[in-house]
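Visitor: Chain F: place on chain E using the hints.
So the chains spell out like this:
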Amino acid sequence: MSVLLLARRELQRNWPRFLLSGSTIASGVAVLVASDLLSRATTAEIARIEEVKAVTSFMTEQMNVGLTVIGVIISAAAGLLVFNVYLMAVHERAYEISRLRAVGMQRSQLLRLLAIETVGTGVAGVVAGIPGGIALNALLIRLVVETSPMFNRFAQPTLSLERIVFSAGIGLAAVCLASWLPIRRALERSPLASSYSVEEIPSVRDDLHQLLRSALIIAGLGAFIFIGKPSRWLFPPLSDRINVATIALWVVVLFLTTPALAGLASRLLRPVLSQLLGICGRLAAENLGRARGRVSRTVVTLAVGTAMIVAVNGFLVFWFEELFFRNSTQSLLERPAVGVFPLDIEAGLAGYEDLKSFTVLDSSLASIEHAAGAGATVVEMYFTIIPELSFLGHQYFSFILDPEDIKNSGDLYFSFSEGDWEHALPIMKEGCGLLLTASVAGKNHVNLYDPLTISTPRGPLECRVAGIGPTYVGASIVSTMAAGSLQLGAPVSIVVFPEQPDQLPLLRSSLEAALSGDSGLHIIDLTLMADMQREGMKSAQILMNSMLLLAILLASLSALNMMLISLRERSREFSLLRAIGATRRQIGVVITLEGALYGLLGGLLGLLTGAGVLLIYILIAGGNMFGFPDFPVAEAAWNTLEATLPSGIIALIAAPILTSLACLPAVRSIAERDSLEALRVVEA
Amino acid sequence: MIAILEAEGLSKQFHVGEWVVDALQDVDFQVEKNEFVAIMGPSGSGKSTLLHLLGALDQASAGRITLQGQSLSELSDDECTLLRRRKLGFVFQFFNLLPSLSAAENVALPLLLDGVRPSEAMERARELLVLVDLEARQAHRPDQLSGGEQQRTAIARALASKPQLLLADEPTGNLDRGSGQRLLGILRHACDEQGQTVLVVTHDPYAASFADRVVFLLDGRVEKELSGSSLTLKNIADTAATLEQAGNTENRSG
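Protein chains in written order, with my numbering: chain E, 134 to 817; chain F, 10 to 263.
So that you can see chain E by itself, here it is in the shape it has in the complex (with noise of 0.2 Å):
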């Protein structure tokens, strides 16, 4: 009774900072119900029919991923926030909690009263991050609703249990797991110890040693990359491996780095700040530089962010503009072709509201042949979904064509890295052959020409590998002489090649002319499509930087709160600076300017991170997933870093504004108070 009440006035002496912990761990149990929600309400809205819903539940479930992992990152962001906030806490109460051991509370007691409080925290977080979550789909269905042509309707979702509880359970082990070693510490403190300590300030050649020490490791990574050129030998899926272990010792290191790095910039921003704001900016550089552990957790919270949107809008990029649609474009470009659909795709998934059917009829089939003539190239388009052949998770389709469409619709669907149409051709004729990307190839361990069984609905086939290449969109092709084992219907869409390129917009007048009387289906020229593809992306994008924004401003609630704690713990000292001549508004340009400061070093880490993210991944995948041949990996490189920038520069000047404007509460807190505290006694 007494632990819960303890408990009970400490939530109340100190509300702003269990407000803004449970909101952070709110945060991220939002992002993850949002995230579910979201690919619900996509899923419903697509797959209102059964063959929609195989076609595209690899989207759905990819975006899922997508999302999930942001929310889990954010989620372990809150997780850093509250471990910086309860050890800050913890010996801001050092003094408590060491009179509380000293009148008797047993270890036990101050574990239950610790546990309550963390346990409080993370429990309203997560009754608050639920509705958020709502909340949160909601504005950002009506944001992409605004934004894209092409996600322009959602359906009304339901949220999973299973996803209330995975978020519940992400948001608690958050807290708990934030909080047992600040937890770990009180409980091993003295009854005999004070809140008195001097402050211990790491010298010069610690930084510099542990600058050289990170300096070298980064050299040897760098050595590996750029002389070693893993692209060029490392394949998929050991090249997967090594680039997560590669881009963890970038992160760690870096991350490890963070206080020598904070010492620098308090050393270098010193003189330059003193130039430029005299002793304010001397003294904001100083605090920049003290309490290391405190102001790199501030950090490495802000960095999170920014390199979140570095890393997801290159990878975004890198993957749509320099692998999925690398083949396609060119190819489009040199052999033109128009798509026959059974949906609206120009009105987005607005088209899928009256969808009927999603499979082309056999008496529209035969009006298309008859209105392409005997030079265009008629392309039956079946998809079908093998977890084997799955490029991307379990749920990836794979295409089902005819190898003599293939063959003459150009580069578009395949081209070979490993093997040519001489030898694949009689495979593909004689039974089940198969075209696949570099990482399918590697996924199943299988090379050219070797044996794979694919599972099919009616039991399991034997396949032979007829080639190894790009393919379009990443996604494995089947030759049509499997069709039997697949139990395909009719197609899904046909694409129709014209003889020559010029012959285009004859050949689409004269399908228009062919199909006018068949209201269900839709022509579409497939470099719009493309383009279309390229809009979805951008949506995409929007969508997933709207997620990250949530990242930073979650950063920035983390610098209020640990603004808000650290100016408590230094209260004598600007009370000091107080009673010997110092205005608020010097002490609020020494705050406010701090907090920019850790946005500015917190956004330019998190730059680098993102940046060193993106380029490792680069330059160890290269386009190997696909095999493409000579993959020009320092140009795709460069191309996705300059594509990138501009969001990262955007989260670079938002992270100290934004960090500047969350110390605002503080200043206001510190002017209000009195100089007076400065000469009270210390009970030491």
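Incorrect hints may have been included.
[Claimed, not checked] Sample of chain E residues with no beta-carbon within 10 Å of chain F, all distances over it, derived:
#1 Val205
#2 Leu244
#3 Ile351
#4 Ile358
#5 Pro370
#6 Leu401
#7 Pro584
#8 Leu682
#9 Arg705
#10 Gly714
[Said to hold, decoys possible] What the simulated footprint calls covered on chain F by chain E, stretch by stretch (three residues with Cβ under 8 Å from a Cβ of chain E suffice, anywhere in the stretch; the number is not a length):
#11 72-84
#12 90-97
#13 190-197
Simulated from the structure, these hints should not be mistaken for laboratory data.
By construction, the Cβ of each residue, glycine as well, lies at the ideal position given by its N, Cα and C atoms.
Guide: Frame of chain E; chain F shown alone:
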């Protein structure tokens, strides 16, 4: 003699919940230029409250304080800040140096806050550190200085802006006897050789014996003053003990 600081009818009340505590009641008090005054009294007698009011750190509930003819109650918060910066120097019991600044930078701090050129401020800081015999320690940070050295640095800082009045709250309270004696010698020297006016709040009769005059407070009122020939260590200690006892008796009967 010219009064540098005058307090008339000074009262200060604190509101603690429903209770009103009279920390100071109708205190009249003067400090002459170049005088070294010690304020003594039992705990809760109002010594620190008086120092805070005289140092423009707090506002009186009633009465008037004038520093060189300027009424403190008429000053705005910013004007009080500037007054503290330019005309007053403070020394606290717990040294209160900024941990990230060197000794010299701590001393130069009030000047830097006032916009003095850094080179000029650092030059003045070095002069003052020579005065307090810390020339060799000027580049050291507080955590590299002993308690006595930190307090001497704090005195140098208090003298940085050549204040008209130096206020010290239990400056020797956290020091050993030797360091305390050295510190009091510096304060005495500042008074005798540099024309500084010093006001010290202390519990220690030995520290008070360095003063020209000792003012004793009891229950927020001036109870007694010692100066001239009556200002001996024995007299100070006896008076302090008597007042301490009176305070205790009153507390028990109250």
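Visitor: So, for every hint listed, does it hold in this structure?
Guide: Hint check results:
{"no.": "1", "hint": "Val205", "verdict": "holds, 37 Å"}
{"no.": "2", "hint": "Leu244", "verdict": "holds, 32 Å"}
{"no.": "3", "hint": "Ile351", "verdict": "holds, 29 Å"}
{"no.": "4", "hint": "Ile358", "verdict": "holds, 39 Å"}
{"no.": "5", "hint": "Pro370", "verdict": "holds, 50 Å"}
{"no.": "6", "hint": "Leu401", "verdict": "holds, 15 Å"}
{"no.": "7", "hint": "Pro584", "verdict": "holds, 70 Å"}
{"no.": "8", "hint": "Leu682", "verdict": "holds, 34 Å"}
{"no.": "9", "hint": "Arg705", "verdict": "violated, 7 Å"}
{"no.": "10", "hint": "Gly714", "verdict": "violated, 2 Å"}
{"no.": "11", "hint": "72-84", "verdict": "violated (count 0)"}
{"no.": "12", "hint": "90-97", "verdict": "holds (count 5)"}
{"no.": "13", "hint": "190-197", "verdict": "violated (count 0)"}
In summary, the numbered hints that this structure violates are 9, 10, 11 and 13.
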